[in-house]
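*Asks:* Sequence:
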Amino acid sequence: MVLSAAALFVIGALSWSAWMQASYWRDSETLFTHALAVTKNNDVAENNLGIIFLQKGQLDEAISRLQAAIDLRPENGPAHDNLAKAFLQKGRLEEAMVHYRKFLEIEPHNVEARNILGTALIQQGHVKEAIQQWQEALAIEPENGNAASNLAWVFATCPDASIRDGGRAVELAEKAVQISGGQIPMIFHILAAAYAENGRFSDAIETAQRGTALANSQGNAGLASELQNNIALYQAGRPLRDPSLTTRGLSPNGE
Numbered sequence: 030m031v032l033s034a035a036a037l038f039v040i041g042a043l044s045w046s047a048w049m050q051a052s053y054w055r056d057s058e059t060l061f062t063h064a065l066a067v068t069k070n071n072d073v074a075e076n077n078l079g080i081i082f083l084q085k086g087q088l089d090e091a092i093s094r095l096q097a098a099i100d101l102r103p104e105n106g107p108a109h110d111n112l113a114k115a116f117l118q119k120g121r122l123e124e125a126m127v128h129y130r131k132f133l134e135i136e137p138h139n140v141e142a143r144n145i146l147g148t149a150l151i152q153q154g155h156v157k158e159a160i161q162q163w164q165e166a167l168a169i170e171p172e173n174g175n176a177a178s179n180l181a182w183v184f185a186t187c188p189d190a191s192i193r194d195g196g197r198a199v200e201l202a203e204k205a206v207q208i209s210g211g212q213i214p215m216i217f218h219i220l221a222a223a224y225a226e227n228g229r230f231s232d233a234i235e236t237a238q239r240g241t242a243l244a245n246s247q248g249n250a251g252l253a254s255e256l257q258n259n260i261a262l263y264q265a266g267r268p269l270r271d272p273s274l275t276t277r278g279l280s281p282n283g284e
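In terms of my numbering, the sequence shown opens at residue 30 and continues consecutively.
Misleading hints may appear alongside valid ones.
Label-pair ranges, simulated between beta-carbon atoms [claimed, not checked]:
| id | residue 1 | residue 2 | range |
| --- | --- | --- | --- |
| 1 | Thr275 | Gln207 | 23 to 33 Å |
| 2 | Glu104 | Pro272 | 32 to 42 Å |
| 3 | Pro137 | Ser191 | 25 to 35 Å |
| 4 | Thr275 | Asn70 | 23 to 33 Å |
| 5 | Thr148 | Pro171 | 15 to 25 Å |
| 6 | Glu90 | Ser209 | 30 to 40 Å |
Honestly, the hints are just simulated from the structure, not real lab data.
The beta-carbon is built from N, C-alpha and C at its ideal position, and this holds for glycine as well.
Produce the entire structure from the sequences given, and follow the hints as far as they go.
*Replies:* Structure, rendered in structure tokens:
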């Protein structure tokens, strides 16, 4: 079959057009910058460009783009999630929490966001709110090891007796060990603290020793040393308390 001159011209034009377009798509940043240049009010492109800057560690540029995406469409859930991550990396925890809350209003079943928000709340001293977030995460995903281990630690070691719950701490920590396959020394650290809170000091010592051996095998000398110090505490019949788990009032925009 012989193509006509007109057909050849069309094919040539299409090939030239494809080559010209490909020059714009050499990388994702160029792609989304071009999208913003040729379209108006493109919150998706703003969000995607923000992600690229976030991955590059260009946090100010990421924040600017992600905020632009939200300004264009306040219900853009991924933009709130990404902006929260950018603020976390900048150390701007209060602003990060505002956007995680908004994201969870839009996507309430996002377990990762609930886990991260819980950790940010702990850093701000909002322990009870953190517990709520992790409990929600477990309700959504019962086998979530992060939420289980975080709750176990708080229930075992919080200085506030009204928050501690030794029985629940053991239950959650044992579950976290099972979920992790027994390969994460930090979870043995948590389980040992839970046993100690329940007065099961022999179990606490044995579990801390297992965690120490595992930490050493993985080259985690810092955790191994901490576990050794805890063993001495348990041998003295004393439970572990985490002084960083101090409680404050509700955070801004808290419920």
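*Asks:* At the C-beta level, are threonine 275 and glutamine 207 separated by a distance inside 23 to 33 Å?
*Replies:* Roughly 31 Å apart at Cβ, these two residues keep to the hinted range, so it holds.
*Asks:* I want to verify a distance hint. Is the separation of the beta carbons of threonine 148 and proline 171 within 15 to 25 Å?
*Replies:* 20 Å, holds
*Asks:* Honestly, do proline 137 and serine 191 meet the 25 to 35 Å range at C-beta?
*Replies:* 27 Å, holds
*Asks:* The hint says 23 to 33 Å between threonine 275 and asparagine 70; measuring C-beta to C-beta, is that right?
*Replies:* Given about 45 Å between the Cβ atoms, the range is violated.
*Asks:* I want to verify a distance hint. Is the separation of the beta carbons of glutamate 90 and serine 209 within 30 to 40 Å?
*Replies:* Given a distance of about 37 Å, which is inside 30 to 40 Å, the answer is holds.
*Asks:* Has the hinted range 32 to 42 Å been met by the Cβ atoms of glutamate 104 and proline 272?
*Replies:* Given range 32 to 42 Å: holds, Cβ gap about 40 Å.
The earlier numbered hint that this structure contradicts is number 4, and it is the only one.
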